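J.: If you're matching them up, the sequences are chains A and B in order.
Mapping of the first sequence onto the working numbering: position 318 corresponds to residue 318, and the numbering continues sequentially without gaps.
Positions in the second sequence are counted from 1; adding 325 to them yields the working numbering.
Each hint should be verified, as a subset may be incorrect.
[Unchecked claim] When the alpha-carbon atoms are kept at most 25 Å apart in a straight line, the in silico SDA-like pairs for lysine to any residue are as follows:
(1) Lys97(A) / Thr367(B)
(2) Lys321(A) / His504(B)
(3) Lys401(B) / His504(B)
(4) Lys646(B) / Glu209(A)
(5) Lys290(A) / Arg197(A)
(6) Lys359(B) / Leu317(A)
(7) Lys615(B) / Gly582(B)
(8) Lys34(A) / Lys321(A)
(9) Lys422(B) / Ala43(A)
(10) Lys321(A) / Arg528(B)
(11) Lys97(A) / Ala423(B)
(12) Lys422(B) / Asp24(A)
(13) Lys97(A) / Gln369(B)
(14) Lys422(B) / Asp23(A)
(15) Lys97(A) / Pro618(B)
(16) Lys34(A) / Ala423(B)
(17) Lys97(A) / Leu323(A)
(18) Lys575(B) / Val649(B)
(19) Lys615(B) / Glu534(B)
(20) Lys250(A) / Ala43(A)
(21) Lys290(A) / Arg203(A)
(22) Lys584(B) / Ala643(B)
(23) Lys321(A) / Gln501(B)
(24) Lys422(B) / Gln266(A)
(25) Lys97(A) / Leu373(B)
(26) Lys584(B) / Asp553(B)
(27) Lys646(B) / Lys97(A)
(28) Lys584(B) / Val596(B)
(29) Lys359(B) / Thr330(B)
(30) Lys76(A) / Ala593(B)
(31) Lys290(A) / Glu241(A)
None of these hints come from the bench; they were simulated from the model.
Small disclaimer: the values here were computed from a predicted structure and weren't measured.
What follows is the residue order along each chain.
Protein chains: 2
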Amino acid sequence: MTLPTLDILGIGNAIVDVLAPTDDAFLAARSLAKGGMQLIDTAQAEALYAAMPSGVESSGGSAANTCAVAAALGAKVGFLGKVATDQLGDVFAHDIKATGVHFPTERLAGGAPTARCLILVTPDGQRTMNTFLGACVTFSERDVDAAEVARAKVVYLEGYLFDPPAAQAAFRAAAQAAHAAGRKVAITLSDPFCVGRHREAFRAFVAEEADILFANEAEILALYETDDFEKAAAMAAADVEIAALTRSEKGSIILSGGKRHAVAAQPAQVVDTTGAGDAYAAGFLAAWAKGLPLAEAGRWGSVAAAEVISHYGARPLADLKELVA
Amino acid sequence: MTLPTLDILGIGNAIVDVLAPTDDAFLAARSLAKGGMQLIDTAQAEALYAAMPSGVESSGGSAANTCAVAAALGAKVGFLGKVATDQLGDVFAHDIKATGVHFPTERLAGGAPTARCLILVTPDGQRTMNTFLGACVTFSERDVDAAEVARAKVVYLEGYLFDPPAAQAAFRAAAQAAHAAGRKVAITLSDPFCVGRHREAFRAFVAEEADILFANEAEILALYETDDFEKAAAMAAADVEIAALTRSEKGSIILSGGKRHAVAAQPAQVVDTTGAGDAYAAGFLAAWAKGLPLAEAGRWGSVAAAEVISHYGARPLADLKELVA
């Protein structure tokens, strides 16, 4: 039996976000790097949660957000990631399935709880993320179903998956299964600090396995260890087939086959930047999977990103299909 | 040792809300009464959750929302209500404590899970609530700490607590403890269907125990079994010291000591009416506890209600102290 084709198969950390408004002083008092993502252990998670304001929970995870947004744009999407058999795992599984995403990964029973990310949103709309990986650390090569990878036009990997130790092997397995089936491999760098933690592994993976690369300015500079954006962009273009580089309000630049497409950012009233990059990748890949030109893929990315930064939370509230039309 | 005085002690169902956008067709297909609250059992909760869109979780509960809003307005507040020792119980306890509310009720271990309310928000901003009471059904007279009641200027009871069977005795115990200490008893009718389910008990409680009554138009008409608002208002004024009757965009009317105060609604772009009545009661009681005049208490109520209906969720995002100033 042949399974129907998927447009995108995402692989990433399966996380429930806890968003709360805070201020710069709260971050400063705890030496939290604004705009970044740091990993925290159980004790740190408990201490930070006790100190932070009342929150709002919603399903998150970088690649999972991308999957949800792409599905909202009409793409056929699957997601692989590990939650536990607990209430937050129920929430995550419900939400991703409710957006129409196929989610076959077996849950972790009797181990760590479902991952959560304590996201502190400052009045400037920036989010500072503190991730307790929980059950995600057990995601391994065993969870990469080669048949799922083979049926997706592109497998999309989040850079954050370089953090849990068993996941790097899963990454390689997914990339190899994709290429063996004639499919594409996309990766997002996720975070400059994450790139810094695993630079050599990232460089090797991008050069050897990635066909499509998503990165923002800070991430691409961190990857290629330069402060010259043009130099980093040229290095990315040499490494991959398509490099989609986002620059916040300056829009994005797409490099492919020696050509450069500049895409304007869509106007938005910034409330919370959580999920901006995830939504951009979703719009881009949903359009790319339909065979639309790269500049149009960039526009879909910009429209999706503008929607999610205009409100609290990383997943769309408005009808994205209407917005891109 | 004398405990410090509280302005308000709320008693109610301790619930985590799951909000999701939906449409009228979704409600119609399931015969859900728009704008109302229905109780659902485990099987119904699972079926409805499986069918509903991706949601956002936040701490809810009618009286608990009132407590959180009143605390945000600077009142000293306590809350009694029952959650379980599970992840959603952790969320509820964290959130109410993070708003500065004292929350001493012992959690339920090894029984039903923490209550949740599946709230379907239609494009007109109306919310249709489906409540799985879970651990709340075990809230009983034993959970009413007379010392907590005695130190609060007013004990505030939500009408929804007439649904879990053991809670009616708790209500009476709380009212008697309050009056024995020379304190006031406030109650909100919560919901016309809830009034319909327990009309005689409500009528007796309002006439015999309540000093301050909160109700919207549909609730007060249901209580006094009339379709004449003025008649219902007069009956309420005869039963209680202060009746604060809300009428959505028509504002509120406060009846007390033979006087009538009409309070205008504050302008608001309605996104989600969840928590409007809860926030009104919070503003009203926070001002009343400070000794402000009744018309000013009504204005605080209107300001708080306008804030919470202008966004998704029942608890304030803006600085309410600033808004009432």
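J.: The structure should be examined with respect to each hint, and the outcome stated for every one.
T.: Hint check:
1. Between Lys97(A) and Thr367(B) the alpha-carbon distance is near 20 Å, which keeps this suggested pair within the 25 Å criterion.
2. Proximity of Lys321(A) to His504(B) is assessed by CA-CA distance (about 59 Å); at most 25 Å being required, the pair is judged violated.
3. Using a Cα cut-off of 25 Å, the hinted pair Lys401(B) and His504(B) holds, with the two alpha carbons roughly 20 Å apart.
4. A C-alpha spacing of about 55 Å is found between Lys646(B) and Glu209(A), which places the hinted pair above 25 Å, so the restraint is violated.
5. At most 25 Å may separate the alpha-carbon atoms for a hinted pair to count; Lys290(A) and Arg197(A) exceed this at roughly 35 Å.
6. Restraint check: the Cα-Cα separation between Lys359(B) and Leu317(A) comes to about 21 Å, which is no more than 25 Å; the hinted pair holds.
7. A hinted pair counts as satisfied when its Cα atoms are at most 25 Å apart, and Lys615(B) with Gly582(B) qualifies at roughly 19 Å.
8. Between Lys34(A) and Lys321(A) the CA atoms are separated by roughly 32 Å; this puts the pair beyond 25 Å, and the hint is violated.
9. The suggested pairing of Lys422(B) with Ala43(A) holds, with an alpha-carbon distance near 19 Å, which does not exceed 25 Å.
10. With a C-alpha separation of about 51 Å, the suggested pairing of Lys321(A) with Arg528(B) is violated against the 25 Å cut-off.
11. Under the criterion of a C-alpha separation no larger than 25 Å, the hint pairing Lys97(A) with Ala423(B) is inconsistent with the structure, at around 31 Å.
12. Using a Cα cut-off of 25 Å, the hinted pair Lys422(B) and Asp24(A) holds, with the two alpha carbons roughly 22 Å apart.
13. In summary, the hint linking Lys97(A) to Gln369(B) is supported, as the alpha carbons are separated by about 19 Å, within the 25 Å threshold.
14. For the hint linking Lys422(B) to Asp23(A), the alpha-carbon distance of about 19 Å falls within 25 Å, and the restraint holds.
15. Our distance criterion of 25 Å between C-alpha atoms is broken by Lys97(A) and Pro618(B), whose separation comes to about 52 Å.
16. Of the pairs offered as hints, the one joining Lys34(A) and Ala423(B) holds, with about 22 Å between alpha carbons and a cut-off of 25 Å not exceeded.
17. The suggested pairing of Lys97(A) with Leu323(A) holds, with an alpha-carbon distance near 23 Å, which does not exceed 25 Å.
18. At roughly 19 Å between alpha-carbon atoms, Lys575(B) and Val649(B) fall within 25 Å of each other, so this suggested pair holds.
19. Under the criterion of a C-alpha separation no larger than 25 Å, the hint pairing Lys615(B) with Glu534(B) is consistent with the structure, at around 23 Å.
20. For the hint pairing Lys250(A) with Ala43(A), the CA-to-CA distance comes to about 39 Å; that exceeds 25 Å, so the pair is violated.
21. At roughly 29 Å between alpha-carbon atoms, Lys290(A) and Arg203(A) are farther apart than 25 Å, so this suggested pair is violated.
22. A threshold of 25 Å between alpha carbons decides the hint, and for Lys584(B) with Ala643(B) the separation of about 33 Å lies outside it, so the pair is violated.
23. A hinted pair counts as satisfied when its Cα atoms are at most 25 Å apart, and Lys321(A) with Gln501(B) does not qualify at roughly 58 Å.
24. Between Lys422(B) and Gln266(A) the alpha-carbon distance is near 39 Å, which puts this suggested pair outside the 25 Å criterion.
25. Between Lys97(A) and Leu373(B) the alpha-carbon distance is near 14 Å, which keeps this suggested pair within the 25 Å criterion.
26. Between the alpha carbons of Lys584(B) and Asp553(B) the distance comes to roughly 19 Å, so the proposed pair stays at or under 25 Å and holds.
27. The suggested pairing of Lys646(B) with Lys97(A) is violated, with an alpha-carbon distance near 40 Å, which exceeds 25 Å.
28. For a cut-off of 25 Å, the pair hint linking Lys584(B) to Val596(B) is broken: about 34 Å separates their Cα positions.
29. Among the hinted pairs, Lys359(B) with Thr330(B) is inconsistent with the structure: their alpha-carbon atoms are about 40 Å apart, more than 25 Å.
30. Using a Cα cut-off of 25 Å, the hinted pair Lys76(A) and Ala593(B) is violated, with the two alpha carbons roughly 39 Å apart.
31. Our distance criterion of 25 Å between C-alpha atoms is met by Lys290(A) and Glu241(A), whose separation comes to about 18 Å.
The structure fails to meet hints 2, 4, 5, 8, 10, 11, 15, 20, 21, 22, 23, 24, 27, 28, 29 and 30 from the earlier list, while all remaining hints are met.
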